[in-house]
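Participant: Chain by chain, the residues run as shown.
Number of protein chains: 2
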Amino acid sequence: MTGTAIKNWQSVQQEVLNRINSKLWKPGDLIPNEAQLASEFGCARATVNRALQNLADTGLLERRRKAGTRVATHPVRKATLDIPIIRKEITGKGYAYRYALVSTETVVPPRDMAARMRLKPDEKILHIVGLHMANGEPYVFENRWINSNVVPAVRDVDFSKQSPNEWLVENIPFTSGDIAFSALCAGAFEAEMLSCKTGEGLFVIDRSTWKAEGAITSVRLVFAPGYRIHTEI
Amino acid sequence: MTGTAIKNWQSVQQEVLNRINSKLWKPGDLIPNEAQLASEFGCARATVNRALQNLADTGLLERRRKAGTRVATHPVRKATLDIPIIRKEITGKGYAYRYALVSTETVVPPRDMAARMRLKPDEKILHIVGLHMANGEPYVFENRWINSNVVPAVRDVDFSKQSPNEWLVENIPFTSGDIAFSALCAGAFEAEMLSCKTGEGLFVIDRSTWKAEGAITSVRLVFAPGYRIHTEI
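Just so you know, the sequences run in chain order A and B.
So the first sequence is numbered by the numbering used here: it starts at 1 and just counts up by one.
So the second sequence is numbered by the numbering used here: it starts at 234 and just counts up by one.
To be clear, the hints were calculated from the coordinates, so they are not data collected in a lab.
Incorrect hints may have been included.
Unchecked claim - Below, computed lysine-lysine pairings styled on BS3-like, alpha-carbon distance capped at 30 Å: (1) K26/A / K444/B; (2) K357/B / K444/B; (3) K321/B / K23/A; (4) K394/B / K23/A; (5) K394/B / K26/A; (6) K78/A / K161/A; (7) K259/B / K23/A; (8) K326/B / K78/A; (9) K66/A / K321/B; (10) K88/A / K211/A; (11) K259/B / K161/A; (12) K256/B / K88/A; (13) K256/B / K120/A; (14) K88/A / K259/B; (15) K311/B / K93/A; (16) K430/B / K197/A; (17) K357/B / K88/A; (18) K161/A / K311/B; (19) K211/A / K311/B; (20) K256/B / K211/A; (21) K161/A / K353/B; (22) K311/B / K88/A; (23) K321/B / K78/A; (24) K23/A / K357/B; (25) K93/A / K326/B; (26) K430/B / K26/A; (27) K78/A / K444/B; (28) K353/B / K211/A; (29) K161/A / K93/A; (30) K23/A / K353/B; (31) K394/B / K444/B; (32) K66/A / K78/A; (33) K321/B / K211/A; (34) K78/A / K88/A; (35) K26/A / K326/B; (36) K357/B / K394/B; (37) K394/B / K124/A; (38) K259/B / K93/A.
Work the whole structure out from these sequences, hints included.
Facilitator: Structure (structure tokens):
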């Protein structure tokens, strides 16, 4: 390595990884600063910065302002998941996409949902159940609440034409949100929606988004048996 | 906003979010460059860069070298998940941690696992089943294969004292890996390991890691009923 100029951030990253893997730089060690590494590798400091930041993002390095960069002692690996529009996820896999509206109503939600969305007592909001299909087979259904008092435009939308998932992403930007992944055992409702057997293990995503005025939406996505989310670490 | 100096990257981010949310900057629009925004906000260009990069990381902006920064038309939101050592995850929730080794053997793995780990025909590797407990209750079990030919040091470890999860994280750095999330329906084996009923929906993580010499490990983590992973978007 020494003596060979490193041209891009990927090769800087590989060299840093090699030094960590070979224990030349051990867990807890302070590594040379960006300027020193740039000089050693014969590359721009920004190139070193990008490589180190990427390794910090994956949890292998710990960077502190002024205190410098250390090899992580207990690396907490991070995985980044893309959360696309469901239509794009399905067409991206090469399947034909279809959306079917199952039901829509404006009602007072169950108490736990009203609390999660911080509604007023007896506040009625929009409840939509819809099914996303891939090549005609159930792929995921969404059981969604939309705060129609925070997002009044939602009252004029025809959700038999477009899924609320897609309409919200395109029209209502959010400032914060949370997402949770879990599993459930298919009961009668899930089995009917997804044309599967009761007792199947189903992958579940719960998601809520917020803007300054309050909760926009809270949705449970329940996927057909066999669904997997995959990413690199 | 105009006329008020913005001091930190969080307030730059908030102002950019406000402009996107109010549709002052619409999906697809090219936004002013870093130098222009730094001048408008009366802050350092690095401050603007950090705010824009953060919004790009969450999928709201699309940045291209030389072509500039645009408001994403179909924002693909990204969620980042921490993948800690299981012991740290359990103690971090305030539970007492215990690990129990269930079985260990050196055998030829099933064909699909041998293919995934790119083993030679009839190559024997280490198979370990272990249970992680929180306050004495089953939390997750790991069904793990370790390529003892790529990681020979593993042969001398006593896995009744330390879980392979923790030993590998601390001793065998990896250069690449993948992770998948899914659900399964508890069969007799899962129900016995987790002291739950057959037919429960269980959350599953499959993870494989690699170094230059080959696959290090491939593990399936099966969590007790009710497990959730939660993060912000």
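Participant: Which of the listed hints are broken here?
Facilitator: 6, 7, 17, 21, 25, 26, 28, 33 and 37
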